[in-house]
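J.: Okay, here's what each chain looks like letter by letter:
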Amino acid sequence: MSGAPQGGAANAAGGLAYEEPLIFEQSRPGRRGAELPRCDVPEVDAAALLGENLREDLPALPELSEVEVVRHFTRLSTWNAAVDLGLYPLGSCTMKYNPKLNERVARLPGFAWAHPLSPAAEVQGLLELCFELEGFLAEISGMDCVTLQPAAGAQGELAGLMMIRAHFEQRGEPRSKVLVPDTAHGTNPASAALNGYQVQTVASGADGVLHPGALKAAMDETVAALMITNPNTLGLFEDHIAELCEIVHAQGGLVYGDGANLNALLGVARPGDMGLDVMHMNLHKTFSTPHGGGGPGAGPVAVKRVLAPYLPTPRVQRGPDGRFAWRDDAPHSIGRLHGGHGNVGMLLRAYAYILSLGAAGLRRCAEAAVLNANYLLARLRGAWHLPYDRPVMHECVLSDRALQASGVSTLDVAKRLIDHGYHPPTIYFPLTVPGALMIEPTESESLEGLDRFADTLLQIAEEARRDPALLHGAPHRTRHRRLDETRAARKPVLRWTPQEESA
Amino acid sequence: MAEYQLPETLRYTREDEWLRPAEDGSAVVGITDYAQQQLGDVVFVELPEPGAVLQQGEACGAIESVKTVAELFAPVSGEVARCNQELAQRPEAVNEDCYGGGWILAMVPSQPAELDGLLDAAAYAQHIADRE
Ligand SMILES: Cc1ncc(COP(=O)(O)O)c(C=O)c1O
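Keeping their order, the protein sequence lines are chains A and B. Under the working numbering, the first sequence is numbered contiguously, ending at residue 851. Under the working numbering, the second sequence is numbered contiguously, ending at residue 134.
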């Protein structure tokens, strides 16, 4: 069995693996999962009541029994890769373990059943929690005020740049440009462009960080903001951050901090102290709330006082009597960004996480995340090409350069990792590194778990030299072999369409 | 070092684009064989609007592959005369024939002197070698 990984590697799973058709394909006319009781009130004629609003073309929802629906979704759930199954080293995404205590807190009935439109008097506890969480995040980031509304990092960026734009418009000097280093995540230039700014890319230096000289050459009074991620997407601390902020401020500009990588700094250093004016925090990364399919995200934004007048409304406020209320009276606010009060379920989980770790625990979490990334780097040095071989923060970037002689690419490595039971790391990002593999182990992994992953990567490097075809053909142990990603991108089938019934 | 086709008759940029002056004073622009190989299978090309007036070096579109996305830059200043609309249906033309059917746009240069600043095939080959 050439396809099976050798040795005792990893998270590999075998056994029952269900194929599963689309739920629409399982539909049978008239099949039902529930039966309604006989109508015990006088029937009315819907057509007479609704007139032309009565729909003839009912949506073609699938028709199945209850057990078929349950099996369908349960089977699909067995296809998941999840951090509860094994290491999930997706760089820049901070796929840390989500403690189960968070879930208990979020399910407390008083929180879980609170309605977004409940009068403040009826949800004092929830408001107090939001108020305290704002305070925690302000303290952790070194900023003055926080909004919990944005639903993700990307929406936080949008909010931050809307506030920056409002600030310059308020001063009667609208500016036209936003500077973004070449290592930035794609959402940064996108958020700037959505706000009508022209995006100018600034090249980072040969050592992977942004240099004051390059910034000075690009900075002038048409620049509203520099957007910077620290540590950056190469996992490197931006050593010149204080000077970079000074250069921007000297020309009246503001500095936006992308806090996606805050996990590396928790309790050790504060972006606000480095000179940043506004930043988002991804609760689904740093503060252990679920990603993606696990629930919606949350991207609170913290600002220095200069931007406070523009924060989204409503804002939670504590009155002199200690009672909490929603406040809408902010004439310069950029307005509401989210229904209700943001994704409150995520706020509850982040609050539980912060309180259960405490200040010392948060610091230990950052220290362990950084130590883990450097440990991996140390074990891989030599067998793997390291484009920036220097101590990293919470993640490290490898490239496929050392494997190119055998014709093996980063994509092949990613697919082979699946055979070994690992979700692949982030690949081909950041764009400044050809063939990048970006690995973020997070603080959740034990030494044994890290060693297993390092052993697997060393073994794959060896497999690449010995048997490139094995990697070209990977994955071998999955339900489906390698999918044709090119055809999926060029000719996507985005929607199921019913087969024409033959008459 | 891998093999790349670099026709002698073209001018090149450090951003891996080529430019071919045409007789009517316009210039056809595309990406090089090196760029095409680095990107891998191209799945989408975002083109500028014909009529757009560009500064040399200005971002004016994007080329998306399965692996990554690369920006398209104006190799010289000038006005976009036409774009290769066929790429909307067949982005793979960029991989199959990057100097022919996979051309990207044609522009009318407004600063002819900028053409002299572009690289010839030998200088561009050296630029690739320096990066590899
Ligand atoms: C560096 C960086 N910035 C911004 C974002 C966007 O955050 P979100 O996915 O929460 O919208 C990400 C997400 O992966 C990121 O890695």
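Heads up, a few of these hints could be off.
Stated by the list, open to error - Each computed EDC-like pair below joins lysine to aspartate or glutamate, with the alpha-carbon atoms no more than 16 angstroms apart:
#, chain 1, residue 1, chain 2, residue 2
1, A, Lys839, B, Glu94
2, A, Lys525, B, Glu60
3, A, Lys839, B, Glu60
4, A, Lys652, A, Glu451
5, A, Lys652, B, Asp35
Since the hints were derived computationally from the structure, they do not count as laboratory data. Only a predicted model underlies this, so the values are computations on that prediction, with no experimental measurement involved.
J.: Could you work out which earlier hints the structure fails to respect and list their numbers in ascending sequence?
T.: Of the numbered hints given earlier, those the structure breaks are 3, 4 and 5, listed in rising order.
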